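Participant: Sequence:
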Amino acid sequence: QRLADSMPGAFRCLGKDEKGPPRSPPQQITTQAAAQILDALTRIAQGTGGSEERKTFPSIHDAWLHALASPDPHVKWDDEIALRQLREQLDQWQRSARITRESPFTFCMRLGEPRNGTGATGWNVDYLVQPKADPTLQLPVSELWNPSSGAFMELSRYGNNVSEYLLTILGQAARLCPFVNQSLGRKNPSGFELDGKETLDFLTRYADMLRRVGIDLMLPSWWTGQGPATRAGIRLKVKTPAMQDNSGLTLDSLFQFDYQFCFNGEPLSMEELEELARLKTPLVRLRGQWTYMTEGSIKTAIDFLRKTDEGAMTGRELLRISLDGENEMKGVPVEQVDVEEWLGGVLAKLRDPVKIRAIKTPKGFKGVLRPYQEKGLAWLSFLQKTGLGACLADDMGLGKTIQTLALIQQLKEQGERRPVFLVCPTSVVNNWKKEAEKFTPDLKVLVHHGADRKRKDAFRKAADRHALVLSSYGLLARDADFLKDVQWSGLVLDEAQNIKNHETRRARASRSIKADYRIALTGTPVENHVGDLWSIMDFLNPGLLGGHVAFKDRFYKPIQLWNNEQAASRLKRLTGPFILRRLKTDKTVIS
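When the letters of the sequence shown are read in order and numbered with the numbering used here, they come out as residues 8 to 598.
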């Protein structure tokens, strides 16, 4: 109908003569065009591929089947009587479909809920008929089997054979749904009754098939079409510990939590879950609302509550659950995480960096930071204080170097005496030294490079006398055995894409060095390279994305091979808080 309504006038401008009106209504032309297109496409799909046209057939039915798949639609058969009989057979065969298609009625099935009880029994489906011209009028089929009833007379006004329509549509439905078929064994069928499991079977297996043949299904509002709108899982309430020594959310910190099993946001006790398990019916009335719970989900919840007296999780697990939004604990989905006080503030800032407060440029920094660089410093400082790694991925030329130096200077002014180890390509070691001398002259810089470089204890003592130690990726791998012995306050990797292959010596060495905080600097959009992202993120926040094999199964394959947008979105939620990327074209940078 929509195609007919939008048809240009030129499509139907032909009349019997020049002054006559258009010959055919739009809907007729559209129907004919659709039929011809469908016929042509079917013949192309079933075509013989240029094989020779057959001359003879063993039966008229073989000739008809050949004509259906042939460019020539004519049935090649000389017996006119047989042709007429075939036409009559085909007409009878199509009659039921034509009756329901051209009928002025719509056949409806309405699922009724049990008025009381547990839901194990008492479900029913009623048959209804409504005129297409007046959908508000719904007449029960139980009244339509009586030709003298008011309902029958009401439908008869539309001129069709009501009884023939009912028998035809019920016959079609019976071939699709066994419950309808069983109802036809009774005189004047008007519906059927179901128990809880049969009702779920009707909803999940047969409802969609019935709807596809034109039957209107009136289902409860809690059933969405794909299933009931249900959410089952645990709600965690994390106990926020007191913050000591300015230590925040570290990946290995342990956090205690209380938990509740919830269904559609409603907490359920062990007693309620055990009662649901005893009922052994998938459709149950819960707090006045019918809903669907599988025996497996109930058993999993009961097992979880029995085995989990008190809960504790690492900061790594807390981050993964809070940021991902699609996690499980012992096989039970985590529906909600409630976090308060300073810990809640940390998670809120991770989700929305705009909430991070600006900080003053350190006094010892000899330069002026632009507004976006001040925000970068504040972001780096926030993640450093919370014990989380940061990837600063600004465009080349936007000042990743001075933002990093400003952070190191700030920490020195706050009393940090341990050195920072900064690794970069050999070609830019001298540039880092010059930038540090220019912008942060208070930072004593040691360049660990060359054949005469210090080693082992001599290196450790020299490093402790400096604020910043510069070295290259080659020496990171070569000298890792004694680089690990220094108590570093921070570890910074410039052009961090150098560790994108997690199996290389330099990547393994970078993960082996301990430091209070870690920073990765890169000018490339690491979030667009799923394969490289794991290695950099595992350096920054070890274990946040799980092991490499699990990461490939959970993210890499779905995103790279199958273009799974849901997996890409989840990965962005997990890694986005730890990646800051500004472009030269950004308004905040230009201004």
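The hints are simulated quantities; they were obtained by calculation from the structure and are not laboratory data.
Just so we're clear, the structure is a prediction, and the values are computed from it rather than from any experiment.
Wrong hints could be hidden among the right ones.
Quick list of the computed label-pair ranges, beta carbon to beta carbon [stated by the list, open to error]:
| no. | residue 1 | residue 2 | range |
| --- | --- | --- | --- |
| 1 | Gly550 | Gly351 | 49 to 59 Å |
| 2 | His68 | Lys579 | 51 to 61 Å |
| 3 | Lys244 | Gln421 | 49 to 59 Å |
Straight-line distance between alpha carbons at most 20 Å, and here's what the computed PhoX-like set of lysine-lysine pairs gives [what the hints assert, rightly or not]:
| no. | residue 1 | residue 2 |
| --- | --- | --- |
| 4 | Lys306 | Lys204 |
| 5 | Lys392 | Lys362 |
| 6 | Lys507 | Lys445 |
| 7 | Lys392 | Lys521 |
| 8 | Lys337 | Lys367 |
| 9 | Lys356 | Lys392 |
| 10 | Lys521 | Lys468 |
| 11 | Lys337 | Lys244 |
| 12 | Lys367 | Lys382 |
| 13 | Lys362 | Lys521 |
| 14 | Lys367 | Lys246 |
| 15 | Lys306 | Lys373 |
| 16 | Lys507 | Lys564 |
| 17 | Lys451 | Lys370 |
| 18 | Lys451 | Lys441 |
| 19 | Lys591 | Lys382 |
| 20 | Lys382 | Lys370 |
| 21 | Lys468 | Lys491 |
| 22 | Lys392 | Lys463 |
| 23 | Lys468 | Lys451 |
| 24 | Lys579 | Lys356 |
| 25 | Lys564 | Lys594 |
| 26 | Lys445 | Lys491 |
| 27 | Lys461 | Lys491 |
| 28 | Lys461 | Lys373 |
A virtual CB, placed ideally from N, CA and C, is assigned to each residue, including glycine.
Participant: Given the hint of 49 to 59 Å, is the C-beta distance from Lys244 to Gln421 inside that range or not?
Facilitator: violated, 33 Å
Participant: Are Lys337 and Lys244 close enough, with their CA atoms no more than 20 Å apart?
Facilitator: It holds: about 17 Å lies between the C-alpha atoms, which stays within 20 Å.
Participant: Would you check the hint for Lys367 and Lys382, treating anything up to 20 Å between C-alpha atoms as holding?
Facilitator: holds, 10 Å
Participant: Taken at face value, is the distance from the CA of Lys204 to the CA of Lys306 at most 20 Å?
Facilitator: holds, 18 Å
Participant: For the pair supplied as a hint, Lys591 and Lys382, confirm whether the alpha-carbon distance does not exceed 20 Å.
Facilitator: holds, 15 Å
Participant: If you draw a straight line from the CA of Lys392 to the CA of Lys463, is it 20 Å or shorter?
Facilitator: violated, 30 Å
Participant: Next pair to validate is Lys461 with Lys491; report whether the Cα-Cα distance is within 20 Å.
Facilitator: holds, 14 Å
Participant: Holds or violated: Lys392 and Lys521, Cα atoms, limit 20 Å.
Facilitator: holds, 16 Å
Participant: Starting from Lys337, check that the Cα of Lys367 is at most 20 Å away, please.
Facilitator: Roughly 45 Å between the alpha carbons, so the hint for Lys337 and Lys367 is violated.
Participant: Tell me if the straight-line CA distance from Lys564 to Lys594 falls inside 20 Å.
Facilitator: With Cα atoms ~35 Å apart, Lys564 and Lys594 exceed 20 Å; violated.
Participant: What's the verdict on Lys579 and Lys356, does the C-alpha distance respect the 20 Å limit or exceed it?
Facilitator: holds, 16 Å
Participant: Tell me if the straight-line CA distance from Lys451 to Lys441 falls inside 20 Å.
Facilitator: holds, 12 Å
Hint compliance for this structure: hints 1, 3, 6, 8, 13, 14, 15, 22, 25, 26 and 28 are broken, all remaining hints hold.
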